[in-house]
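Protein chains in written order, with the working numbering: chain A, 1 to 152; chain H, 1001 to 1285.
Hints may contain errors.
[Unchecked claim] Using 25 Å as the maximum straight-line C-alpha spacing, the simulated SDA-like pairs for lysine to any residue come out as follows: (1) A:LYS86 to A:SER142; (2) A:LYS89 to H:GLY1187; (3) A:LYS127 to H:GLU1015; (4) H:LYS1053 to A:GLU17; (5) A:LYS127 to H:MET1188; (6) H:LYS1080 to A:ASP123.
By construction, these hints were calculated from the structure, which means they are not laboratory data.
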Amino acid sequence: MAKEIKTTINNKKYKIEVPPQMTLLELLREKLIMTGTKEGCGNGECGACTVLLNDKPVRSCIVLAHEIEGKEVITIEGLKETGDFKEIKEAFIAEDAVQCGFCTPGFVMAIKALLNRTKTPTDEEIKEALGGHLCRCTGYESIHKAVKRLVK
Amino acid sequence: MFSPFEYKRPETIEEVFELLNQNDNSQIVAGGTDLLVKLREAESSPDFLIDIKELDELKGIEQENNEIKIGALTTITEIKENKLIKDKLYALYQAASEFGCYEIRNRATIGGNVVHASPGAEYGVPLFALEAEVEVVGQNGIKRLPIEEFWYDVGRVKLDNELLKSIIINIDKNEKSSYHRLSRVEGMDLAVVNTALVKRSDNKYRSYFGTVARTPYQNKKIDAILSKENFNKKSFKKIQDIINESVSPRSSSLRASPEYKKRMVVSLLKKCLRDIGELGDDIDG
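The task is simple: from the sequences and hints, build the whole structure.
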């Protein structure tokens, strides 16, 4: 049975009716029409659906929508409002870190979370933060370089 | 979307038992990194999904005298970042570093990994090698049992309307420990094989091998060879022979052939010995 939950998404408060079996990803894409977050594998393995839940990156395809009750979610749409987004976007453009773009929102959220943890991540820390994200176009090198550009 | 269920988020352990008593077809969920995939693939279709994430009694890492107690709901990230674990139980730190990927580690819990009882689970071989014990809480109180008694088969643990409360490790008995795994990719994968080694304070060794049997595998003959003082190159030949004779990993494994697994667990054992500092660089192959 659907139940109302109270939550904050992209700094906006919501009261939404959510069926218990709905994932956070389905809530975002199908109910709130925030389609920036992508569904890749749907099994938590590819990273395309990454969003921030209370500042921590999580895979929204394996989080139930009910679990965000009383918590704060930031999606790629929310990030767009901040200065960081512009910097990350420009670094991606400068390093040709986007081809088809399907994995990009997930990568950008993981990078944002990394930069929240440390302003000067090492190569190892960058690899750790992005290691669970799949990209079938770029070969990863350019994405790694884009992050390095942000660190400089 | 998954097939319908009711979602419950109890705030006390008592409430969990009330819910478990109300419906036989209930499923406990913690981090959900395994379970939600199972729900999607309809391997599990519970009536009640009981989310225990809010139970503070099952969280945290603490030392009490000569024991370290890890709450079942402790996330893998929390284990990786804990200084006590890194200093005293290095194998558990190594297992956390290899576990899933950054986002998965933020959600997955050590208790979830243990009760899932997968043959290649990150927290199989190191906890068996460390002679961990588990605390199980039921309506009649708390009981404590060795992990090898609790985790008795693939996907099977001894829980009967009970919850895994914590995992306990004696730090006086265990001097040094190491864990290694082999996987196809580093970023996000499960173990093809894994191995853990513990050097105990009485200078005896305990080694466990993962994915070569239904549960983490130990062979006392191997531990006896490792514990001998004149350990050398030939000892590995003997260890390999024992492995070859004593285990028969299933040939239907998606990740590797039985022959490959048998070779690799011994190779990982060498890595573990190097970590513990008991193996010179001259021993290879």
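For each hint, the structure was consulted:
no.	hint	in the structure
1	A:LYS86 to A:SER142	17 Å, holds
2	A:LYS89 to H:GLY1187	24 Å, holds
3	A:LYS127 to H:GLU1015	42 Å, violated
4	H:LYS1053 to A:GLU17	22 Å, holds
5	A:LYS127 to H:MET1188	12 Å, holds
6	H:LYS1080 to A:ASP123	18 Å, holds
The structure fails hint 3 only (numbered hints given earlier).
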